[in-house]
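> Okay, here's what each chain looks like letter by letter:
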Amino acid sequence: MGFLLQPFSDAETALNFVDEFTPDLFLLDIDMPEMTGWELAEALRARPKYRATPIVMVTGHALEARQPVDRERLYDAFVVKPYSLNDLVSRLSRLLNVELTFDAPSEPAPATNGLPLEAVRRLIGLADIGHAAGVRRELDVLVRDGALDAALRRRLDGHLAQYDLSSVARVLKEIEQ
Amino acid sequence: MNAATDNGRYIVLVIDDAPETLGLVSDALEGGGMTVLVARSGEEGLRLTQRVRPDVILLDAMMPGMDGFETCRRLKAPPISESAPVIFMTGLTEAEHILAGLNAGGVDYVTKPVVVDELIARITRHMMNARAIQSARAALDYAGQMVIAVLPDGRMAGCPGARRAPWV
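Chains as they are written, first to last, in the numbering used here: chain A, 1 to 177; chain B, 1 to 168.
Just chain A, with the same shape it has in the complex (with noise of 0.2 angstroms):
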């Protein structure tokens, strides 16, 4: 499977053609001369039909990444270049709740080594319910220990920081296997 992409170049072109057909998500550049993605970002909301489409937000100054609150609701992810390719489309793919196929194994099988089975049942039960810290808590004692090894903890890590715990479970429930 794939996306089917629509690129405008300007906010105003993307703005003329939005009624014409209905996409399921946009990604806005914010920094975009004449008219911003933020501004953009308020002409697709003040549309009924695009009032909960996902908008993603991307722009190239880090700073900027912390200052959006008072903008919530215009929108639903914010991603700060440079990003990772594999990042984006999963977060595009989550926004759009559909799951992603690969034709080849595209993760490295994750490595066990000495990984106690109990201590990934635990965490799988912890990430089950929703509790991310009991899940961080859990994984310092094992980076303690030494038993987790960097590649799985760097794929542990980087779920945890979205609070993404339904794949924290799934990466474990792979492992439990």
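Source of the hints: derived by calculation from the structure; they are not laboratory data. Wrong hints could be hidden among the right ones.
Unchecked claim - Estimated spans, in silico, between C-beta atoms of each pair: (1) A/R153 - B/D27: 17 to 27 angstroms; (2) B/A138 - A/R45: 25 to 35 angstroms; (3) A/R45 - B/A77: 26 to 36 angstroms; (4) B/R125 - A/A151: 37 to 47 angstroms.
Stated by the list, open to error - Heads up, simulated SDA-like pairs for lysine to any residue below, C-alpha to C-alpha not over 20 angstroms straight-line: (5) A/K173 - B/E44; (6) A/K49 - B/R47; (7) A/K49 - B/E96; (8) A/K81 - B/E20; (9) A/K81 - B/P19; (10) A/K81 - A/E20; (11) A/K49 - B/P64; (12) A/K173 - B/G154; (13) B/K76 - B/R47; (14) A/K49 - A/E20; (15) A/K49 - B/D67; (16) A/K49 - B/E70; (17) A/K49 - B/G65.
Because the structure is a prediction, the values reported are computed rather than measured. From the three backbone atoms N, C-alpha and C, an ideal C-beta is built for every residue, glycine too.
With chain A fixed as given, assemble chain B onto it according to the hints.
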């Protein structure tokens, strides 16, 4: 009882699609001695309530997919019939959201950006109210059969077609 699963701490379920908000709110509540469970969508939140019984639910009003109002309606309706109070988190000055939240079964709302102390105070108040109601309900469940209420005219109250008490 509810929070007994985790050393008697209060359990707060936070449902919000923005990881930034989840981070801010859960850090604050964990700091306040509560156990925080998180869900990134309404669907995920509904799934979680099948596994845990939170004491209170913090619910973002605007989420992609199933929004907070629909999530709340489903939480409160059978088969889930969630008894935990739901507090909505909404953007500033969105009066219609506040109304929609209360109509969907929410007990209260806080506006974003969230003021931590106020949030904790509201959560605590609603959890205590909910617990008081719950212990009253539990007492009735346990002792209900032994309670007889008699109306002034001698009929027993509480059952349809109440009969006159035999000793009147």
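> Does each hint fit the structure? Answer for all of them.
A quick look at each hint next to the structure:
| no. | hint | result |
| --- | --- | --- |
| 1 | A/R153 - B/D27: 17 to 27 angstroms | holds (21 angstroms) |
| 2 | B/A138 - A/R45: 25 to 35 angstroms | violated (46 angstroms) |
| 3 | A/R45 - B/A77: 26 to 36 angstroms | holds (29 angstroms) |
| 4 | B/R125 - A/A151: 37 to 47 angstroms | holds (46 angstroms) |
| 5 | A/K173 - B/E44 | holds (17 angstroms) |
| 6 | A/K49 - B/R47 | violated (28 angstroms) |
| 7 | A/K49 - B/E96 | holds (18 angstroms) |
| 8 | A/K81 - B/E20 | holds (17 angstroms) |
| 9 | A/K81 - B/P19 | holds (18 angstroms) |
| 10 | A/K81 - A/E20 | violated (30 angstroms) |
| 11 | A/K49 - B/P64 | holds (13 angstroms) |
| 12 | A/K173 - B/G154 | violated (64 angstroms) |
| 13 | B/K76 - B/R47 | holds (14 angstroms) |
| 14 | A/K49 - A/E20 | holds (12 angstroms) |
| 15 | A/K49 - B/D67 | holds (15 angstroms) |
| 16 | A/K49 - B/E70 | holds (18 angstroms) |
| 17 | A/K49 - B/G65 | holds (13 angstroms) |
Of the hints listed earlier, those the structure fails to meet are numbers 2, 6, 10 and 12, in rising order.
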